[in-house]
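Engineer: Sequence:
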Amino acid sequence: MLSNKWEFFITTVDDHVTGIRVDIGAIQDEKFDRLIHTGFLRVHYTNCYENGLPQPDETQRLNRIEDWLDEKGKTFPIWLVGVVTQQGWRDFVFMSEEDLNWEKTLDKLLAGGPEISFSYRESHNDKGNFYRQFLYPTRYDWNWIHDSRVCRGLQEQGDDLTLPRAIDYYATLPTEVAARDLAQDIAALPYGITLVSIRMNDSQQGFIASFISTDAPQQWHMTEITCQLTELAEKHGGSFDGWGAPVAQA
15 MLSNKWEFFI TTVDDHVTGI RVDIGAIQDE KFDRLIHTGF LRVHYTNCYE NGLPQPDETQ
75 RLNRIEDWLD EKGKTFPIWL VGVVTQQGWR DFVFMSEEDL NWEKTLDKLL AGGPEISFSY
135 RESHNDKGNF YRQFLYPTRY DWNWIHDSRV CRGLQEQGDD LTLPRAIDYY ATLPTEVAAR
195 DLAQDIAALP YGITLVSIRM NDSQQGFIAS FISTDAPQQW HMTEITCQLT ELAEKHGGSF
255 DGWGAPVAQA
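Residue numbering for the sequence shown follows our numbering, starting at 15 and increasing by one per position.
You may find that some hints are simply not true.
[Claimed, not checked] Computed list of lysine-lysine pairs in DSBU-like fashion (alpha-carbon distance at most 35 Å, straight line): (1) 86 / 19; (2) 88 / 122; (3) 122 / 141; (4) 45 / 122; (5) 141 / 88; (6) 19 / 141; (7) 86 / 141; (8) 86 / 45; (9) 249 / 141; (10) 141 / 118; (11) 122 / 19; (12) 88 / 118; (13) 45 / 88; (14) 45 / 19; (15) 45 / 141; (16) 19 / 249; (17) 122 / 86; (18) 118 / 45; (19) 19 / 118; (20) 118 / 86; (21) 19 / 88.
If you're looking for bench data, these hints aren't it; they were derived computationally from the structure.
Produce the entire structure from the sequences given, and follow the hints as far as they go.
Structural biologist: Below you can see the structure in the form of structure tokens.
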């Protein structure tokens with residue numbers, strides 16, 4: 015691994031729910047620009063949920079395979095940079111500076127390891143495009159990541175995410191007029207989000223707009239909201255800065 019700074023998010027690819035885990039720090043490694051070849055190891059699984067993602071027993075098996083690839087891969091000139099899971103398969107994505115014979119490399123990499131059903135493919139002279147264009151999170155994927163952290167933090171405190179409670183949202187805008195225009199757009203959304211205040215930003219130029227709603231902060235619902243707030247804030251020259259909520263227990 016290049017940096018071991020992994021993030022996970024769920025998105026939709028070709029109308030299928032897709033889990034992506036990526037070493038987001040890989041692109042900052044001094045070796046990254048030299049890793050111009052991309053190789054894929056696709057491992058197949060059968061026990062999955064209706065959305066195509068693996069059930070717990072398969073997840074454990076896939077994790078054992080990844081542990082093997084991680085440990086054995088240290089002796090090869092390849093770097094694991096991402097893991098993509100969808101519809102009964104998981105792709106382990108490697109990058110390499112050398113134009114390897116990928117089939118022979120995998121034979122050596124998997125020798126003595128867990129027995130698996132797999133296929134493979136290569137992308138020669140990819141020059142990091144798959145990593146940049148597919149694996150690395152978009153600004154909307156970052157919303158999913160941040161929303162997941164907030165929801166997970168609430169759950170760790172015993173929160174029942176299905177319970178409605180006050181949710182606060184924040185955005186930074188360049189002018190007070192932009193903040194009020196944003197508030198009008200947000201009020202038109204079907205989530206009952208209302209403006210609380212607009213104040214000058216003490217730490218940098220601009221204004222901070224605070225909003226509130228009463229809602230249940232479930233992951234998918236919150237990401238649906240935050241993606242729209244991100245788009246609206248950028249429309250008015252600003253940025254959406256996140257949300258927070260108190261713990262609610264049944």
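Engineer: Which numbered hints does this structure break?
Structural biologist: none
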